[in-house]
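Student: Chains S and F are the protein sequences, given in the same order.
Residues 577 to 999 in our numbering are what the first sequence lists, from first letter to last.
Residues 3 to 160 in our numbering are what the second sequence lists, from first letter to last.
It is worth saying that the hints were derived from the structure and are not from the lab.
Don't be surprised by glycine CBs; every beta carbon is placed ideally from N, CA and C.
Worth double-checking, as some hints may not be accurate.
For lysine-lysine, the following DSS-like pairs were computed, each having C-alpha atoms within a straight-line distance of at most 27 angstroms [claimed, not checked]:
id: 1; chain 1: F; residue 1: K15; chain 2: S; residue 2: K710
id: 2; chain 1: F; residue 1: K110; chain 2: F; residue 2: K80
id: 3; chain 1: S; residue 1: K777; chain 2: F; residue 2: K16
id: 4; chain 1: F; residue 1: K142; chain 2: F; residue 2: K124
id: 5; chain 1: F; residue 1: K110; chain 2: S; residue 2: K823
id: 6; chain 1: S; residue 1: K710; chain 2: F; residue 2: K110
Far from chain S, some chain F residues (derived; all Cβ distances over 10 angstroms) [claimed, not checked]:
id: 7; residue: I87
id: 8; residue: G108
id: 9; residue: A130
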Amino acid sequence: MTEILFKAINTPNLTSIDVYEQTLDGYQSLKKAFEKKPEEMVELVKASGLRGRGGAGFPTGLKWSFLAKDVFPRYLACNADESEPGTCKDRELIMKNPHLLIEGMILCSYACQIETGYLYMRGEFWEYEELMDKAIDDAYAKGYLGKNIMGTGFNLDLYTHMGAGAYICGEESALLTSLEGYRGEPRLKPPFPAVEGLYGKPTIVNNVETLCAIPFITRNGPEAYSAIGTEKSKGTKLVSVSGHVNKPGNYEIPLGTPTIDLIEKYAGGIRNGNKLKAFIPGGSSVPMLPASKADTPYDYESLMEAGTMLGSGALIVIDDTANVVTEALGLAHFYMHESCGKCTPCREGTRWMYQILTDINNKQGKPEQVELLSDICDNMSFKCFCPLGDAAVAPVISSIKYFPEDYEELIGSMKTAQPVGTP
Amino acid sequence: MFAFNDTSETRIKKIMAKYPEDRKVSALLPLLTLAQAQEGYVTPEAMVEIGQRLDVSPAYVESVCTFYTMYYTKPVGKYVVKFCINISCHLNGCDNLMEYAEKKLGIKEGETTPDKKFTLLKEECLAACTEAPVMQVNNKYHVNMTPEKIDQVLGSYK
Numbered sequence: 577m578t579e580i581l582f583k584a585i586n587t588p589n590l591t592s593i594d595v596y597e598q599t600l601d602g603y604q605s606l607k608k609a610f611e612k613k614p615e616e617m618v619e620l621v622k623a624s625g626l627r628g629r630g631g632a633g634f635p636t637g638l639k640w641s642f643l644a645k646d647v648f649p650r651y652l653a654c655n656a657d658e659s660e661p662g663t664c665k666d667r668e669l670i671m672k673n674p675h676l677l678i679e680g681m682i683l684c685s686y687a688c689q690i691e692t693g694y695l696y697m698r699g700e701f702w703e704y705e706e707l708m709d710k711a712i713d714d715a716y717a718k719g720y721l722g723k724n725i726m727g728t729g730f731n732l733d734l735y736t737h738m739g740a741g742a743y744i745c746g747e748e749s750a751l752l753t754s755l756e757g758y759r760g761e762p763r764l765k766p767p768f769p770a771v772e773g774l775y776g777k778p779t780i781v782n783n784v785e786t787l788c789a790i791p792f793i794t795r796n797g798p799e800a801y802s803a804i805g806t807e808k809s810k811g812t813k814l815v816s817v818s819g820h821v822n823k824p825g826n827y828e829i830p831l832g833t834p835t836i837d838l839i840e841k842y843a844g845g846i847r848n849g850n851k852l853k854a855f856i857p858g859g860s861s862v863p864m865l866p867a868s869k870a871d872t873p874y875d876y877e878s879l880m881e882a883g884t885m886l887g888s889g890a891l892i893v894i895d896d897t898a899n900v901v902t903e904a905l906g907l908a909h910f911y912m913h914e915s916c917g918k919c920t921p922c923r924e925g926t927r928w929m930y931q932i933l934t935d936i937n938n939k940q941g942k943p944e945q946v947e948l949l950s951d952i953c954d955n956m957s958f959k960c961f962c963p964l965g966d967a968a969v970a971p972v973i974s975s976i977k978y979f980p981e982d983y984e985e986l987i988g989s990m991k992t993a994q995p996v997g998t999p
Numbered sequence: 003m004f005a006f007n008d009t010s011e012t013r014i015k016k017i018m019a020k021y022p023e024d025r026k027v028s029a030l031l032p033l034l035t036l037a038q039a040q041e042g043y044v045t046p047e048a049m050v051e052i053g054q055r056l057d058v059s060p061a062y063v064e065s066v067c068t069f070y071t072m073y074y075t076k077p078v079g080k081y082v083v084k085f086c087i088n089i090s091c092h093l094n095g096c097d098n099l100m101e102y103a104e105k106k107l108g109i110k111e112g113e114t115t116p117d118k119k120f121t122l123l124k125e126e127c128l129a130a131c132t133e134a135p136v137m138q139v140n141n142k143y144h145v146n147m148t149p150e151k152i153d154q155v156l157g158s159y160k
């Protein structure tokens, strides 16, 4: 098993800086990095093929190279606002191996010539604020943070910053808005954060898991990383497998591993001897797929080809005892609750979807309401200000596409549907 | 009247040092969190005090405060019990647990017990999906919940 992010993750007291240094050669990658010029570090990460693990899958090195030239100060904002339903990998990394993240943040900051970094954690991670603050203090005490780090002249300050309960703040521009002390509403892009981010300065926003891969790449070279995975999806990915499985958990897999292996081999198969019905491979914001597609390799391209996305790497498994309409309703409630209200299609659309799905789920729905649902989805897709609107559409439209029988079970035959608008 | 206590003032010094001097409004969320930790909820007086410190109006503080679900603008119980109701917890039977907790505490979701000890809330995904169903009590995680575990955990909060 290839372990990069979860290597020795269950070592007792790994949160202590001494144990981290002894067990994982902690902070040794800094020496290697400081031998290189910052721009060489960017090239190294580019060559590794690492892609953003927060959801969008954008090439990390390329993102770093987009920073506005010669504009300083620059900022790093590490996205630990982990809120995508089904996803809990960053929480495990933070609570078990905080120094790996700090090391990754230092390497990124060096490569991007950043002197101030913030770790934006969701407010519900309240227990881990103290843990991260302590880890950061310990890194200062050892001279890995602060002024003139290891005699190189490179300065870096890292701070924790807690959110307070808003899913939208996981979207990078909303995260920055929130960090600036505003309501966490997304901003128009472009300009992208790399050009105008935090306080209007060039900013790198990277996910926890992304930054945690940088120490390995720095220590072992980009080839060691790109040797793992598929042609275009390089390296390993943490996948949070949850739902109707025997052994739910976060598993580190080489990208390209068949999804069915994640369910059967890693997560111990479907519980209670039931059958797999559906799975959502990348967190609640991506389309669900039926069991017949479970052999799809778990990588960015294959999942895209199968009509869904890898997203944040949260595999939610649903067995044949569930009606997917009920699950779609739960998610519709979530997106309605989390819509920031800035743009109309998302604010109104999520509410309509919730109301209609509530009717259907209460067996008070009509066949034409399913068509109306599709119509609302169409009017939201790519018409919202930020990706939250598209995310809200994904579970609903895919449940209609793959599981019409679940709707029929609740409302009767759909063949009698009247066209939308018919009185 | 609202005033930050000495412990909060010490924290505030550290918090303010995190952000550039001309960007002190970045400290708004952390200050709201401190005010809530002190009083149990964010009072209008606290909003005025925070506004003065950060050079923004109380109305602005309120507009930000009410955007984030973790801030309470009305009194809550000593312990806020939150049940995740999102998909992974739902697939693992959180509905039954919520019902169980409602019966046990004799209140509905969103309510506080008459002795002001517990407030019961539904919460969206708490990012512990592989340990579903998940419950938090005053932001402390309790995972793999069962009715027996609810008895045990709630009993431990005096």
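Student: Run every hint past the structure and note whether it holds.
Tutor: Hint check:
1. F:K15 <-> S:K710: Given pair F:K15, S:K710 holds - Cα atoms ~17 angstroms apart, limit 27 angstroms.
2. F:K110 <-> F:K80: It holds: about 17 angstroms lies between the C-alpha atoms, which stays within 27 angstroms.
3. S:K777 <-> F:K16: holds, 23 angstroms
4. F:K142 <-> F:K124: The hint holds at about 15 angstroms.
5. F:K110 <-> S:K823: violated, 32 angstroms
6. S:K710 <-> F:K110: Between S:K710 and F:K110 the Cα gap is close to 39 angstroms, so the pair fails against 27 angstroms, i.e. violated.
7. I87: violated, 7 angstroms
8. G108: holds, 25 angstroms
9. A130: It is violated; F:A130 is separated from chain S by about 5 angstroms at its closest Cβ, not greater than 10 angstroms.
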